[in-house]
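Asks: In order, the protein sequence lines correspond to chains A and B. First residue of the first sequence? That's 24 in the numbering used here, and the numbers climb one at a time after it. First residue of the second sequence? That's 9 in the numbering used here, and the numbers climb one at a time after it.
For the record, the hints were derived by calculation from the structure and aren't laboratory data. Keep in mind that a hint or two might mislead.
[Stated by the list, open to error] DSBU-like cross-link-like pairs, simulated, lysine-lysine; straight-line CA separation at most 35 Å:
id	chain 1	residue 1	chain 2	residue 2
1	B	Lys313	A	Lys184
2	A	Lys137	A	Lys89
3	A	Lys137	A	Lys59
4	B	Lys14	A	Lys80
5	B	Lys358	A	Lys162
6	B	Lys14	A	Lys162
7	A	Lys59	B	Lys17
8	B	Lys358	A	Lys158
9	A	Lys84	A	Lys71
10	B	Lys313	A	Lys137
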Amino acid sequence: MCREKKPEAQRILYDLLLPYLEMLSRRYLRDESFLKDVLQESFIRIFKSINQFDERKASFKTWASKIVINNCLKCNTQNGKVNTVEFVINLHDRMIDAKVLDDMTNEEILAFLKNMPSEYFEVFNLYIIDGFSHKEISKMLNISPSLSRQRLTRSRAWLKKRIGLDKRFIDHFFPDVKNN
Amino acid sequence: MEDFEKRIKNRLRDASSEGRVDADDLWAAIEPNIGEDAPSKKGIPVWRWLLLAFLLTGFAILMLLRNGNENPKGTAIYTDTIKSGELKEPALGKEDLNAEISPTKEKAEDKSLLAPFRFEIDDENQKSKKSQDSQGKQEDIINQGLKNTTIANPVPEHDLKEYTSSTQNELIGQSGLAKDETDLTGFTLSEREGFEVTQKVPVLELLLPLKMENAKETIALPGIVKVKGKAKRLSLGIFSGGHVLSNKFENGTEDALGEVLEDSFSPELGFSLSAELSYRIKRRISFKTGIEYFQSQEEFDYTRKWDTLIWRDGVPGTELINAEAERRVRHYNKHTFISIPLMLSLGVQKNRLQYGLDFGLSLNFVNSQSGRILNERAFLTDYSDEQNTPSLKPDFFMAYQLQPYLGYAINNQFSIRVRGDFRLQNYGFAELIDLKHTSVLTGLGIGLIYIP
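Next comes chain A alone, as it looks inside the complex:
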């Protein structure tokens, strides 16, 4: 029905997709003030090119996600400047306590991860969370596959140095989260 451009069907699909695509956009956007613009452009593109969707190649969600991700990356490139991000060197690695995540909401996890340098987080998002290969990432970000690998390594290092979460860290970043 969406392919026939029926407004009711389009609205239903929009309502179904919006929460997921909103979170996806927030994950990828460096500056969330562009969130509405990116979502608007993405939905228009989704509805206009819905006839090109081929269910044999991917699910609709994956297809729509790819459109949103590309729009976010494009927005980052057009509007983003490479800001200098402080890279704190911890001399002592701490043990990773994955259980800490259980106490955090998705919003908090996202806020925490967004402290990572944006270039690293882009690769982390694409590779770890959305499952793209380095080759695909290199094309999407217009970087070499080796740089993509390097950024992933650095993002992991960044995480590793921070996920030895102790009370001080959580208090600093997430004062509302109770530390077990």
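Assemble chain B onto chain A, guided by the hints.
Replies: Below, chain B alone, put in the same frame as chain A:
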């Protein structure tokens, strides 16, 4: 760590977020753009196309006149850019960067062509034929290649009856004309002695040429005759044109060097000039050879980015900050080569229109080459046959080519021709990059064909 990453993935991959954007507000902005009556983009006005054509023409002229490098001093652009922080890569000897890139001189492409077949019909005869239906049919036969008995200076129907079932020799014998007198076909007896009778053709068949199914090609001359040894099989052609190269590198390394190289090369307009000779083997088949000179150019544009750490404000001992360094290298690589085509040509002519396809291979000899590229270890390196460094292209390579053409016969001797040129150039294994290297040449040429 993996467990931690999995947890993040599971939490965030399908996560939802609400409230940051007002759903109704956003929908109000989307809806007008996706409905049935969504405003569609208007077509580009004609004047914009004309402007584009004008700009492209201007660009092509600039390409002809331009020196190889974008830098006015002829220096290759080779920049180290620090996007954040003040990181500088170790100096790389900018004096080396004055790589010679010689001007893009207009060089030409040469290609060979055949006039696949040609019928000799003098203009006056053609004009006279057009005045009568039967003659028009004869012309059609010629154009369809069905002619074996081409009639010019046709005889009025009432006169033709007298010649039904007659041969020329009979005519000669019975005419009683003096040697210098002309008969109805416009020939004197002495002229007729050099002719050979090829077929007896009833007048009725002359008027109904569709029956002449077994017709054979001859040269159109007045009368039912064939001239011995007069078939013109050779033709000469000169062509010039432009072309671009698209490189392919077999990707075998872990770091995807081939892919990086393919992305780094972008086509630039090259030029060629050719002189060609063709020999008609059969009515529609010719063999073509010649000599072609090519000058090809490509832009090598390689950008490398990497993350690094620098001291804040460049002061050692202060805190380390994250930075991204970038180096961009742009260079015009060029090479020239001589090509000898060995091709077959299939062609058709309808009235003055000619069209057909040439196909075959060519032997190519690289004359000069110089440029910049990533070597097998992905380091930037220069190559030049003048400096005796390892080269990207071999001294000799084969190419497989296809040239569709469209021509127009100006007269019996000259025709102009436009043709496409598609070649797969196989350079083989390049030691410099440790990869197999091929390229696809795509070009367009225009030329003049002369039949002596």
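Asks: With reference to the structure, classify each hint as holding or not holding.
Replies: Each hint tested on the structure:
no.	hint	in the structure
1	B/Lys313 with A/Lys184	24 Å, holds
2	A/Lys137 with A/Lys89	20 Å, holds
3	A/Lys137 with A/Lys59	19 Å, holds
4	B/Lys14 with A/Lys80	25 Å, holds
5	B/Lys358 with A/Lys162	50 Å, violated
6	B/Lys14 with A/Lys162	25 Å, holds
7	A/Lys59 with B/Lys17	24 Å, holds
8	B/Lys358 with A/Lys158	53 Å, violated
9	A/Lys84 with A/Lys71	16 Å, holds
10	B/Lys313 with A/Lys137	22 Å, holds
The structure is inconsistent with the numbered hints 5 and 8, although it conforms to all the rest.
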